Structure formats: structure tokens, C-alpha cells
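K.L.:
Here is how the chains run, residue by residue.
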Amino acid sequence: MSFPKPQAIGHRYARSGVAMRIQGLNILLLFIVYIFRYIFIWLFFIIFAFSSWIPAFAGMTNRKIMRLNQLTIKQASELLKNKEITSLELTKACLARIKDTDGKIKACLTVCEKEALKEAKQADERRSQGETENLLGIPYLAKDNILTRGVRTTAASKILENYIAPYDATIIKKLREAGAVLLGKTNLDEFAHGASTENSAFGPTHNPWDLTRVPGGSSGGSAAAVAADMCIFALGTDTGGSIRYPAAFCGVIGLKSTYGRSSRFGLISMTSSTDVPGSLTKTVEDASLVLSVITGVDKYDATTVNAKTPLTPLLKGGLDKITIGLPKEYFVDGTDQGVTEAIDKAIEDFKKLGAKFKQVSLPHTKYVVPVYYIITPSEISSNLGRFDGIKYGLSVMKNPPQPPFVKGEEKADLMSIYTKSRGQGFGPEVKRRIMLGTYALSAGYYDAYYLQAQKVRTKIKQEMDKVLEEVDCLLTPTAPHAAFKIGEQVQDPLKMYLEDIFVAGASLAGLPAISIPCGFDNGLPVGLQLIGKRFDEATILKMAQGYELATEWHLKKAGI
Amino acid sequence: MLLSKQEIQHIAKLARLDLTETELEKYGGQLSNVLNYIDQLKEVDVSGVEPTAQVTGLTNVLREDKAEDWDKKEIEQALADAPEKEDRFIKVKRVIE
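Chains as they are written, first to last, in the working numbering: chain A, 1 to 560; chain B, 561 to 657.
Any given hint might turn out to be false.
[Claimed, not checked] No more than 25 Å apart at the CA atoms, straight line, and that leaves these computed lysine to any residue pairs for SDA-like:
no.: 1; chain 1: A; residue 1: Lys495; chain 2: B; residue 2: Tyr597
no.: 2; chain 1: A; residue 1: Lys328; chain 2: B; residue 2: Glu603
no.: 3; chain 1: B; residue 1: Lys602; chain 2: A; residue 2: Val369
no.: 4; chain 1: A; residue 1: Lys299; chain 2: B; residue 2: Lys573
no.: 5; chain 1: A; residue 1: Lys356; chain 2: A; residue 2: Thr309
no.: 6; chain 1: A; residue 1: Lys114; chain 2: B; residue 2: Ala638
no.: 7; chain 1: B; residue 1: Lys573; chain 2: A; residue 2: Ile486
no.: 8; chain 1: B; residue 1: Lys586; chain 2: A; residue 2: Asp492
no.: 9; chain 1: A; residue 1: Lys173; chain 2: A; residue 2: Arg126
no.: 10; chain 1: B; residue 1: Lys626; chain 2: A; residue 2: Ser269
no.: 11; chain 1: A; residue 1: Lys495; chain 2: A; residue 2: Asn522
no.: 12; chain 1: A; residue 1: Lys466; chain 2: B; residue 2: Lys602
no.: 13; chain 1: A; residue 1: Lys299; chain 2: B; residue 2: Glu603
no.: 14; chain 1: B; residue 1: Lys565; chain 2: A; residue 2: Ser382
no.: 15; chain 1: A; residue 1: Lys391; chain 2: B; residue 2: Glu603
no.: 16; chain 1: B; residue 1: Lys586; chain 2: A; residue 2: Arg126
no.: 17; chain 1: A; residue 1: Lys398; chain 2: B; residue 2: Asp629
[As the list claims (entries may be wrong)] So the derived label-pair ranges between C-beta atoms look like this:
no.: 18; chain 1: A; residue 1: Asp320; chain 2: B; residue 2: Lys633; range: 54 to 64 Å
no.: 19; chain 1: B; residue 1: Lys565; chain 2: A; residue 2: Gln359; range: 21 to 31 Å
no.: 20; chain 1: B; residue 1: Ala627; chain 2: A; residue 2: Arg386; range: 16 to 26 Å
no.: 21; chain 1: A; residue 1: Gln491; chain 2: B; residue 2: Glu636; range: 26 to 36 Å
To be clear, the hints were calculated from the coordinates, so they are not data collected in a lab.
As the structure is a prediction and not an experimental result, all values here were calculated from the model.
Where is the CB? At the ideal position from N, CA and C, for every residue including glycine.
Please take these sequences and the hints and turn them into a complete structure.
P.N.:
Here it is in C-alpha cells:
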């Protein structure tokens with residue numbers, strides 16, 4: 001849009017003998033225009049220069065220095081409460097950041113701008129009526145295996161490319177009630193099968209710290225989005241480390257609560273016995289704020305437990321009564337030196353905060369990955385049976401085979417609808433896991449693989465529970481190394497499975513665990529994991545927050 | 561242990577997956593590799609150990625067996641994702657000849 005400048009109009013009139021016949025009046029008019037212009041310019045300059053002293057403008061200049069999308073939940077909710085910002089401004093800042101950076105990072109699969117702006121306005125309306133919940137008006141992103149009514153949910157799979165869920169997952173419903181604003185859906189390994197987000201049917205997500213590297217997975221889109229400040233927080237799911245592992249790679253906080261703390265209803269099921277929804281946040285306090293909203297018994301998930309134990313970290317009293325266990329099986333060769341050094345330094349920092357350390361042993365740790373990769377594919381092969389090309393999702397029924405027919409395929413019978421829809425709709429890793437699980441559960445192999453794995457799982461769980469009677473929590477690295485290059489490990493499924501070595505144990509035992517940033521290895525974030533007793537999130541949150549207040553790793557931002 | 565092509569084909573059939581020749585070959589090698597690694601589970605003594613299917617300790621969580629009505633819009637949304645339907649029904653291919 002271009003308008004002629006007032007100056008140009010003035011000059012045109014000045015030179016027009018028809019419009020302004022009297023030269024003197026002409027000059028007078030010009031003079032008045034110039035005077036007013038000067039007054040306006042000076043007025044703006046004065047207001048701008050002194051704006052930080054005037055409360056009404058303070059927010060405006062601060063916002064320019066610290067962009068709204070960089071805020072934590074705690075900071076944003078304070079500003080919202082004090083009416084210094086609106087949810088609409090906050091939401092717009094996040095949407096603008098997504099537009100600016102997501103072309104490079106590719107964290108989002110769907111951005112629902114229209115719905116987000118509407119929800120933000122509703123949140124502002126609720127605030128103006130006196131509501132003050134912490135998450136009211138806070139914009140977030142959700143991993144795309146969590147159902148959102150009316151907004152596409154793909155699980156990063158071609159088989160669900162155009163799927164729109166008719167209902168919300170319980171955790172989404174709870175966030176909606178609390179007034180949080182859904183910005184969109186994030187990338188993941190297809191159906192959460194993976195540790196790098198490279199298994200997405202829509203292409204990999206890039207790590208904001210180094211775009212040539214993976215963000216970890218499977219909640220890689222959520223972790224990268226939080227690290228790049230595209231949202232205030234994000235939701236993920238953790239089946240065998242899928243929140244904690246990408247949190248470590250992206251330098252953010254990833255919390256997986258106790259199995260049964262939060263409802264799985266509306267999560268696209270992967271491994272029902274270990275799936276747990278959780279958060280990726282910028283601070284530990286934010287993690288406990290999200291948990292306090294999404295937790296609770298749900299009649300739609302019979303495995304949710306009515307746990308009375310507190311959720312918020314009780315920081316008073318420091319860490320001097322805490323004993324941390326160091327399981328020797330988690331401190332072995334094969335972990336990168338940069339990671340070991342960062343963890344050692346963190347242990348020293350915890351000691352300075354008053355925590356005591358004790359060497360412990362979990363001898364069945366080496367069986368964690370083999371057990372996980374029997375149980376998980378088995379449950380996957382069963383859970384993914386629902387994708388049949390009949391009820392929803394990609395279906396060859398829309399384009400049945402036409403003559404001339406290939407051998408033995410004279411017509412599109414029911415069986416071929418199943419096999420072809422699934423064959424075309426699922427990606428390589430999903431097929432691999434379905435095959436592995438089908439094999440482990442098939443006649444003649446069930447006892448040797450599945451039953452044996454379930455029994456070894458009992459031993460792993462008992463062992464962890466027993467050690468946690470001696471200590472308050474466990475400290476381990478989250479991953480044996482920092483983020484690896486995109487494409488480096490795709491050809492070797494077994495190597496990728498071994499990435500879960502430090503994170504899958506807490507999943508099999510159903511224990512709460514958190515990953516927090518604890519340093520850098522060659523410029524890439526390193527994560528530290530704290531594993532707590534069942535339903536004792538409070539202790540690991542207290543430990544993590546105590547460490548966070550004493551260090552500044554969580555404040556470091558990727559330069560993107 | 562190396563899975564034969566016939567075994568892979570059999571598993572694919574049980575799993576209702578239509579696999580290409582290349583996929584059959586690739587999965588043969590990869591699955592054998594993973595299973596070889598998993599085989600170390602057999603060395604664990606599990607005599608007298610009960611299997612763990614879930615970890616909460618909950619048993620028999622019951623509720624009333626009562627049908628809950630969906631609202632009309634929800635039903636429409638749920639049916640909207642089906643590839644072929646007739647009125648309120650999802651169409652499938654003939655099962656019995």
C-alpha cells in the first residue's frame with residue numbers, strides 16, 4: 001500500500017495557482033504543517049526515551065528487548081496477571097517466531113493460527129473476568145500423536161495424513177479447561193517409533209543448536225520448538241525415553257511422570273504398559289506447573305492412579321537431607337568424555353548444595369534394551385492393528401486394484417484392503433517393529449521371547465525399587481553422547497535401539513524421571529537424568545530445581 | 561539365527577502387511593540382527609519370577625457397563641474419516657463368499 005506523502009501533497013498545492021491563489025496563505029499553511037510535524041516527532045521521541053519510566057509503556061520496551069516468545073510459563077503468567085501483556089500478544093509472538101524459524105528447524109507439522117488466536121482472545125476474556133490460573137493464555141505446542149479435536153493428528157505417518165480426531169485427549173481437554181492456547185502440532189518419529197525424529201513420514205526435524213544434527217526423539221519436534229522459543233512449553237510422550245532423550249539433545253527440561261499419574265486417553269497408543277504423557281519446558285518450575293494441570297485419575301484410562309503425594313517441589317530445606325544413588329552400570333565405557341565431564345561437574349555442584357552420594361548397583365541394566373525391544377514391538381503389533389484402511393486413515397479402498405490383476409489378486413477383497421493399506425501407509429521403522437512384535441508373540445516363540453521379557457522386566461523393576469529404598473533418587477546421564485548428525489545412524493536399527501540404554505529402565509519400571517541441561521560438549525547440550533521413587537515426583541523436581549537455581553545451563557539459548 | 565524369506569513372508573502375513581521383495585530381503589537381515597542381540601535374555605534365571613504386564617499395582621478397575629451417547633456432531637466427525645460409508649454405517653468388503 002502506498003499513499004502520497006503529506007509533503008508531496010503540500011508541494012503540489014503550493015505550485016498550483018488554481019487551488020491556492022494567494023501566495024501568503026500558501027506559505028502560512030506550509031509553515032503550520034512543518035511546525036506540527038516537528039512537534040509530533042519530538043513528542044514521539046520524548047515518549048520513547050522515557051517510556052521505561054512510565055508503567056503503561058514499560059512492558060512495550062521490555063518486550064522489544066526480551067521477546068515474549070522467550071518467556072517461561074512463570075514469567076508469562078506474572079505479566080498476564082499484572083495486565084502488562086495479553087495472551088493475544090504472547091500468542092502472536094510465538095506464531096511469528098514459528099514463521100521465522102520453522103522453515104529451518106521443521107518442528108511443526110500443523111500450525112493452527114486461526115484457532116490459536118481465537119483461544120488467546122478467549123483467555124484474555126477469562127482473565128478480564130478475574131480468572132488467574134497459571135496456564136490461562138499460555139501458548140503451547142503438542143506432539144502430533146496426541147489427539148486434538150478439530151485439528152489434524154497425523155502421528156507423523158502417511159496412514160493418518162488427513163486424520164481429524166472427533167475428541168480431545170484428556171490432557172488436551174485439561175489444558176483447554178485451564179485456558180492454555182494450542183498453537184499447533186509437532187513432528188515426531190512415525191508413531192513415536194524412534195530416537196531421532198528421522199522416522200517421520202514428513203521429514204526430519206533439525207536441532208536448533210546445529211541444524212545438521214538430530215533433535216533426538218521421538219518428541220523431537222516438541223524439544224526443538226521449546227529450545228527455539230516457538231512456544232512457552234510443549235507436550236510430549238515418553239515410552240522409553242522419548243521426552244527425556246530429545247530434552248537432553250536440545251538443552252531443555254523433559255519430565256516423564258510416574259506411569260499412571262496422567263491419563264493416556266487420546267494418546268495414539270504405542271506401548272500401553274509404558275506410554276506416559278509429559279512436558280518439555282524451559283525451567284523445572286514450569287514442568288511442575290504443567291504436571292499439576294495434566295495429572296489426575298481419568299475414568300477413560302483405567303491405569304490412572306489416585307496418588308496423594310505432592311507434585312510441587314518443596315524447595316525449603318535445601319538438598320542436605322537428600323542421598324543420590326549413582327548406579328555403576330550407568331557409568332561405563334562407551335559414554336563420550338564430554339558427557340562424562342559434564343555429569344562429574346554436576347555431581348560436584350550437587351555436593352556443594354548439600355546432597356550426599358552413594359554408589360549403587362543395578363546388575364540387570366544390560367537387559368533393559370533387549371527387554372524393551374521385545375515388549376515394545378509386541379504391544380505395537382497389537383496396538384497398530386487398528387489401522388486397517390476401513391475406519392479412518394489411508395485406505396486402498398478409495399482406489400481398489402483394477403484389471404489387469406497381478407497374480408492371485410483378482411479382486412479387492414477384505415484381506416488385500418488390510419495388507420495394501422498398511423503396506424502403503426506405514427513407514428519402514430513401523431513395519432520393522434510390527435514384524436518384530438508379531439514374531440515375538442507368534443506360536444512357538446511367545447514363551448521364549450515375550451514371556452521371558454516380561455519376567456526379566458519384573459527383575460529390572462524389583463531391582464530399581466529396592467535400590468530406591470536406600471537412596472532418594474538416582475542420577476545418570478540421559479544419553480551417552482550429544483546430538484548426532486542427521487542420517488548418521490538411520491541404516492542401523494540396532495544401533496538406534498541402543499540409544500535408549502539410560503532412559504528405558506525408568507520406563508519399564510514405571511518410575512518418574514526428568515532430564516535437565518547440565519553442560520555442553522563441543523557446543524551441544526548435555527542432559528542429566530534424575531530417576532525418582534514411584535509417585536515421588538516432588539523429590540526429583542526439588543533436586544532439579546535446586547540445581548537449576550545454582551547453575552545457568554538452562555538459560556543458554558541456541559543462536560538461531 | 562537367520563530368518564528365512566519364508567519365515568519373513570509368514571510374519572508379514574500374520575501382521576497383515578503387504579511387503580515388496582526389497583522389503584522382505586531387508587527385514588530378513590535386520591530382524592535377525594536384532595533377535596540375535598535380544599537372545600541374551602535367555603541367560604537370565606527367571607525361575608519363580610512372575611511376569612510384569614503393568615507396574616501400578618492396580619487390579620480390577622471396574623466401572624458400570626453403561627453406554628454413553630455421543631453427540632450428533634461427534635458421531636459425524638468420527639464417521640467422516642472412513643473411506644466408504646452408507647448413512648451411519650462404514651462399508652467393508654464382503655467377508656463371506
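K.L.:
Compare the structure with each hint and give your call.
P.N.:
Now for the hints, and whether the structure bears them out:
At roughly 11 Å between alpha-carbon atoms, A/Lys495 and B/Tyr597 fall within 25 Å of each other, so this suggested pair holds. Between A/Lys328 and B/Glu603, the direct Cα distance comes to roughly 21 Å. Compliance with the 25 Å bound is thereby established for this hinted pair. Between B/Lys602 and A/Val369, the direct Cα distance comes to roughly 14 Å. Compliance with the 25 Å bound is thereby established for this hinted pair. Simply put, A/Lys299 and B/Lys573 have alpha-carbon atoms about 36 Å apart, too far for the 25 Å limit, and the pair is violated.
A C-alpha spacing of about 24 Å is found between A/Lys356 and A/Thr309, which places the hinted pair at or below 25 Å, so the restraint holds. Distance hint between A/Lys114 and B/Ala638 is fulfilled; the C-alpha atoms sit about 23 Å from each other, no more than 25 Å. Taken as a hint, the B/Lys573 and A/Ile486 pair is broken in the structure, with Cα atoms around 33 Å apart against an allowance of 25 Å. Simply put, B/Lys586 and A/Asp492 have alpha-carbon atoms about 11 Å apart, close enough for the 25 Å limit, and the pair holds.
This hinted pair checks out: A/Lys173 and A/Arg126 have alpha carbons roughly 17 Å apart, not beyond 25 Å. Restraint check for B/Lys626 and A/Ser269: satisfied, since their Cα atoms lie roughly 24 Å apart, inside the 25 Å limit. With a C-alpha separation of about 22 Å, the suggested pairing of A/Lys495 with A/Asn522 holds against the 25 Å cut-off. Among the hinted pairs, A/Lys466 with B/Lys602 is consistent with the structure: their alpha-carbon atoms are about 24 Å apart, no more than 25 Å.
For the hint linking A/Lys299 to B/Glu603, the alpha-carbon distance of about 41 Å lies beyond 25 Å, and the restraint is violated. For the hint linking B/Lys565 to A/Ser382, the alpha-carbon distance of about 23 Å falls within 25 Å, and the restraint holds. Between the alpha carbons of A/Lys391 and B/Glu603 the distance comes to roughly 43 Å, so the proposed pair goes past 25 Å and is violated. For a cut-off of 25 Å, the pair hint linking B/Lys586 to A/Arg126 is broken: about 56 Å separates their Cα positions.
Restraint check for A/Lys398 and B/Asp629: not satisfied, since their Cα atoms lie roughly 30 Å apart, outside the 25 Å limit. A hinted range of 54 to 64 Å for the beta carbons of A/Asp320 and B/Lys633 is consistent with their spacing of about 57 Å. The given range of 21 to 31 Å is broken by B/Lys565 and A/Gln359, whose C-beta atoms sit roughly 50 Å from each other. As the Cβ distance of B/Ala627 to A/Arg386 is approximately 21 Å, the hint placing it in 16 to 26 Å holds.
Distance hint check: the CB atoms of A/Gln491 and B/Glu636 are about 45 Å apart, inconsistent with the given range 26 to 36 Å.
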